[in-house]
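These are the residues of each chain, in order.
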Amino acid sequence: MKELISKITKDYLFRLIKDGKRLDGRDLLEQRDLDIETGWIGTAEGSARVHLGDTDVIVGIKMDVGEPFPDTPEKGVMITSAELIPMASPKYESGPPREDATELARVVDRGIREGEVMDVKKLCIKKGEKVWLVFVDMHILDFDGNLFDACGIALMAALMNTIVPAERHELGEDYPLPVEHVVVPTTFYKVKDQIMLDVRLEEEMIADARLTVATNENGDIVAMQKGLSGVFEYEETISCIEESKKIGDELRKQLDKIKS
Amino acid sequence: MAEEELKLIDEKGIRNDGRKFDELRPIKIEAGVLKRADGSAFLEWGENKVMAAVYGPREMHPRHAQDPSRAVVQARYNMAAFSVPDRKRPGPDRRSVEISKLMSEALEEIIFVEHFPRASIDIFVEVLEASAGTRCAALTAASVALADAGIPMSDMIASCAAGKIGGKVVLDLGKKEDNFGQADVPMGMVPTTGKITLLQMDGNLTMEEYKQAMELAMDACKEIYKIQRDALKRRYSTSISTFEETNDMEEE
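Residue numbers (my numbering), protein chains in the order written: chain Z, 1 to 260; chain A, 1001 to 1252.
Next up, chain Z with everything else stripped away, as it sits in the complex:
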């Protein structure tokens, strides 16, 4: 089922956006309040709950020992899934993940994977036989727009908080998961030729196009994804990337704080 929005709200939003304004008085490229709480789930190896405005997500990390993929015998494995549970929105239904949940999981996964946040070679226990499996589960509790960023930030925070359960598997002492890079995504939505950051639900519903850019602490781009049926100009993608680096640095400062 699709979320619905009334025409009057839609028209009002269009008028605001044309003047560079937003429903809650933010600037177009201003983020909502962000709150990150780590270690929230005692049964998980690492976890984070992120409130981005009223959007509320939990990422939990579980680790297990298993076989590597045959083509990467010396690398650990990360498996990411997202569940848009019916708690989070009147339109979500229970059942296996649909395409939007799959895209969400894959885009968030791509940033972490391609950004080499974890050195997967360090997750190898015995080449070709035994590696660490890292299960990432993203649970959406309240959906008020921009799940990509909320989940991406929560996943990064959860990884920084993860303790490898070596003792449980008789592999020596527990140790923090080696995190090499800090990658965060920022997602831009385009509405009527205006580009805005961190949309609320109503803004997301009227958007024409979406662009997610994930950057690392060196300012490198590590993953991108364009979504929805609208289009971006080449120049627009450049300015999104510039902006993503700036916002990414702010987010990394916040993430560093919770680390220490």
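Treat the hints as calculated values from the structure; they're not laboratory data.
Be a bit skeptical, because a hint or two may be false.
Chain Z is nowhere near these chain A residues, computed Cβ spacing over 12 angstroms in every case [as the list claims (entries may be wrong)]:
| no. | residue |
| --- | --- |
| 1 | Ile1196 |
| 2 | Asp1202 |
| 3 | Arg1235 |
Taking lysine-lysine and the DSS-like style, the derived pairs with C-alpha atoms no more than 30 angstroms apart in a straight line are [claimed, not checked]:
| no. | chain 1 | residue 1 | chain 2 | residue 2 |
| --- | --- | --- | --- | --- |
| 4 | Z | Lys18 | Z | Lys192 |
| 5 | A | Lys1211 | A | Lys1101 |
| 6 | Z | Lys122 | A | Lys1088 |
| 7 | Z | Lys257 | A | Lys1035 |
| 8 | A | Lys1035 | Z | Lys21 |
| 9 | A | Lys1035 | Z | Lys253 |
Computed from a prediction, not measured in an experiment: that's the story for all the values here.
Built from N, CA and C at the ideal position, the CB exists for glycine as well.
Dock chain A against the given chain Z, drawing on the hints supplied.
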């Protein structure tokens, strides 16, 4: 198994987590924590973390399942993959299907379903962290979320378990007690009327022990009921006292 070495309860009747035989784990409830849901409640019960959300009354889907005389109550109990020590595969299993059914039936008893023909009232409970007694936690949280959603209902259900460990009947089994104990009786009731809306039992109990267990659990439900009511009072008194609270916070 290792019951003797584990020593779930000592000679003085103190359990391995320091509780007395008739002591509940600490319970905290907060009502109205989610924006999208019509009603919600977050409950922490010992190490358990449970979120409940209510949507409805709304149009029942699929249509053929509508009841022209009353609303259909659909509860969904779901465990997060990371809620247990060994990752649980997402999605419903036989256990959660059974708990969902029992919860739906228990809650149907207190909701005025005849007020909403053809509608559904949906209750979603997510177990985010599990440590024994999640079905009781779920039912307790669901009741608060229903009240928060303003669903017309006769009362709330409070739920709690009692059981037997080391030959003694005790209240509210913890994780180890649940795994290595001898019996578990999760029950739910409407504390003001004494009506029992949920009752399960597994293990081994004599008649006398069953009576002791139920008495412990019924007393505890009254205590839990108070926590449920307090959560709702806090939620709906804030709008009046916001001004004072803000002032207090500034002074601090």
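Checked hints:
At roughly 28 angstroms from the closest C-beta of chain Z, the C-beta of isoleucine 1196 (chain A) stays outside 12 angstroms, upholding its exclusion from the interface. No beta-carbon of chain Z comes within 12 angstroms of the beta-carbon of aspartate 1202 (chain A); the shortest separation is about 23 angstroms. Arginine 1235 (chain A), annotated as away from the interface, keeps every beta carbon of chain Z farther than 12 angstroms; the closest lies near 16 angstroms. Note on lysine 18 (chain Z) and lysine 192 (chain Z): the hinted pairing holds, with a Cα-Cα distance of about 7 angstroms set against a maximum of 30 angstroms.
For the proposed pair lysine 1211 (chain A) and lysine 1101 (chain A), the alpha carbon gap of about 26 angstroms is at most 30 angstroms, so the pair holds. A hinted pair counts as satisfied when its Cα atoms are at most 30 angstroms apart, and lysine 122 (chain Z) with lysine 1088 (chain A) qualifies at roughly 25 angstroms. Using a Cα cut-off of 30 angstroms, the hinted pair lysine 257 (chain Z) and lysine 1035 (chain A) holds, with the two alpha carbons roughly 28 angstroms apart. Pair hint lysine 1035 (chain A) plus lysine 21 (chain Z) holds up; C-alpha atoms about 23 angstroms apart against a cutoff of 30 angstroms.
At most 30 angstroms may separate the alpha-carbon atoms for a hinted pair to count; lysine 1035 (chain A) and lysine 253 (chain Z) meet this at roughly 28 angstroms.
When held up to the earlier numbered hints, the structure conflicts with none and fits them all.
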